[in-house]
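Q: Chain by chain, the residues run as shown.
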Amino acid sequence: MKYALKRILTLLLTMLLVSFLTFAAFELISGDPAQTILGTEATPELLAALREEMGLNRPFLTRYISWLAGFFSGNLGISYRYRIPVWELIAPKLEVTFWMCVVSFVLITVISIPLAVWSYRFVGGPLDFVRTAFNQLCMAVPTFFVGILMSWLFGIVLRLFVPGDFPDLHTDFGAALGHLFFAAVCLSIPRIAMTVRMMRSTVIGEMQKAYVRTAISRGNDRRAVLERHVLKNSLTSAVTFLGQTMAELVGGSVVVEQVFGIPGLGRLLVASISTRDYPVVEALVVILAFWVVLAGTVADLVNQQIDPRLRLGGDA
Amino acid sequence: MKKRILAIFLVLGMMLTLLAGCGGKKATGPEKRKEANEITVCLPQDLDNSLDPHKSVAAGTEEVMFNVFEGLVKPTSDGDLVPAVASDVRVENGGLTYVFTLRQGVKFHNGDTVDMQDVLFSIGRCAGLDGSDPLIPALSVISDMKAEGDVLTITLTQPNLEFLAYMTLEIIPADYDKQDTEPVGTGPFKFVSRKAQDSIVLERFDDYWGTPAKLDKVTLKIIEKDESRIQGLQSGALDMVFHMTSTQAMQLSEKDFHVEEGSMNLVQALYLNNAVKPFDDVRVRQALCYAVDKQGIIDLAFDGYGTPLGTSMFPSFAKYYDESLTDYYPHDVAKARELLTQAGYPDGFEMTITVPSNYQQHVDTAQVIADQLREVGITAKLVPVEWATWLDEVYKKSEFESTITGLTSDNMTARKLLERFDTQSSKNFTKYSDAAYDELFAKAISAADDAEQVEIYRQMERNLTENAANVYIQDMADLVAMRNGLEGLTFYPLYALDLSALYWDN
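If you read the protein sequences in the order shown, they are chains A and B. Read the first sequence against this note's numbering and you will find it ends at 316, with the numbers running on by one and no gaps. Read the second sequence against this note's numbering and you will find it ends at 1506, with the numbers running on by one and no gaps.
With the rest of the complex left out, here is chain A (with noise of 0.2 angstroms):
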């Protein structure tokens, strides 16, 4: 009970945090959203009307505690540019950016950890060098390249999606997972390549571990050990890692989405700052926050299951 709320205080002072900081930056930054709406044929006086029009006159502070009070009572305001309320204009995207950040999680998760796990092997002995090059190699390569290579490949080559196509999710779930699930696998590669990493220097840390010579010199069979201890002991770190991973998932999209013409949130945003519609970012950064802490949290819940070490007022 203390942990959930403990939890949901740092949600709610995140949030704040969060949404405090990008009204505040918006007052640092040039750009005016009245001037961006009007574009060239601004004139002095139509500037003014529409300045009025939006409340940009008022004091920062009144502006950031209307906006405040207007979310609490779930009014997400009206996007500056589009003139419809942001929530209409989020939820859409939102749904696909969730999928496409599943389906990557599934990609990351089944590829890297039995990866991770294989590639111990190779620890020591000439190929090694190669796999440290390859995964080298995934984490460099530019995400925009490997977009545009694999959407000419399975899209133009192919012909196992339509690059800028987009089905949608509501009529056509399938179709619109699988132009999703190329999407993701650009997003996935250099992530992939970051958590084998991770994970293989914690499993070889583990396995020069006391209990590991204790166990393998009690006649163990050494891949059994890896499989069934050390595997379990290591994935708590991993854990923690595709946690934060999924967090920056959503807004290192925006390339992958741009690439493959896919309506979700990473697009939003970058446009949504651009043009300075301030409700649109506001809103945004805080469902952000809000997913980040949420990504987090379960994968502190998923480690206490792991671990029962690691359980509140548990012992081990």
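What the hints contain is simulated information worked out from the structure, not anything from laboratory work. One thing to keep in mind: the hints can contain errors.
[Unchecked claim] Straight-line alpha carbon distances no greater than 20 angstroms define the calculated EDC-like cross-link-like pairs of lysine to aspartate or glutamate that follow:
#1 Lys1055/B to Glu52/A
#2 Lys1178/B to Asp32/A
#3 Lys1335/B to Asp1322/B
#4 Lys1055/B to Asp172/A
#5 Lys1032/B to Asp1256/B
Given chain A, put chain B in place with the hints provided.
A: Quick look at chain B alone, frame taken from chain A:
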């Protein structure tokens, strides 16, 4: 053991997803669209803000909504104005009085018939006749509007020959309040729906008063990344992409696509802040003009596509365009150095070029110019900024030394391209100030006849060139890629995309 089973399940789940993706694909290929008589066009950026035609000012929005709205008159691809919502137009008293006869039976997309109320409402709203700020400042010349039955008489405060061009302003229903999100007009296409950052759908309006559009439906898909647009064409998701770069055009195979070339109808230039040293010295500005090689820029950054310019006017406005000004400053490094020395900068100087980073063409141009300026001893530093910052710092506050952008006109008056260099203009971000220019401008807007007005405008262009107000570069080419079978594209002398003439040629 348990983990093994879990892993297998997950992998199976993954594979099922993949298979589902392959099997359930029902992409609307070009074949399907041909049969349904519809097309999908690529939009490089989302339409800005409100779709209300009197409030939306972005060129990108206007060129699409050109198909949804019309004014009392509308432009043709030759640059003429023809009656649209009006059936007859008479200009009397040398441009002091304009008489419009309302066309019978013109319908709005919501089924209502257009009546004089709507016309008065639309014009009044833009001219600020109800006391509010005019949405189109130039309409402040209206002194009186009188409607008698189907005849509207507009009297101006002084004769103005360009007034008619402003009557392309969109006629909208007087009693409809959802123009922001569900616009209603009288054009050949009606607005159906819009998905933010994704697409806009237009459908043919069957009750259109004039020649109906040939296509049934047009979907405009927003694709920001250049490379994705090519893939969109190749994958069959798109039928048409306009404003393409030459590199992209070359990637398309002739078997499937044809590329049409028009011009963007804008003035791209290295705009100089005339109020800031050293650009306040005409010799320095002239030196820059000699130092910059326009054709070099066109060849290097645009593969030879583009029309060089020498002043703030482009070829499509034929009667105003003075071609002799284009080569007023031929590429001459020696002359440039000489002028710089005279002005007191024998070893050149340092300067910054602020570029809006979202317009790759301007960034590319800036890089070529920086190279060219190095030859005369000028070190130019590129400062890329995002669009909102550019609008704020460069356009609104004139906080810049030099910048590269393209300025357009949204109606067919020379005034739009030249008025911003008048000292009093609120849009004078280059801070150009010349007494002779201001005098000419005052004479131009009150000119008695068209010939005189055209002559004065030409003199103003000459003034800009001789005083090297800016380093004019080019009117960029507009390359449009279309799927083979899709025909009917005509280029307009404005930023306008005419969808009504497009058709599938079977």
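Q: Can you list which hints this structure breaks, lowest number first?
A: 2, 3 and 4
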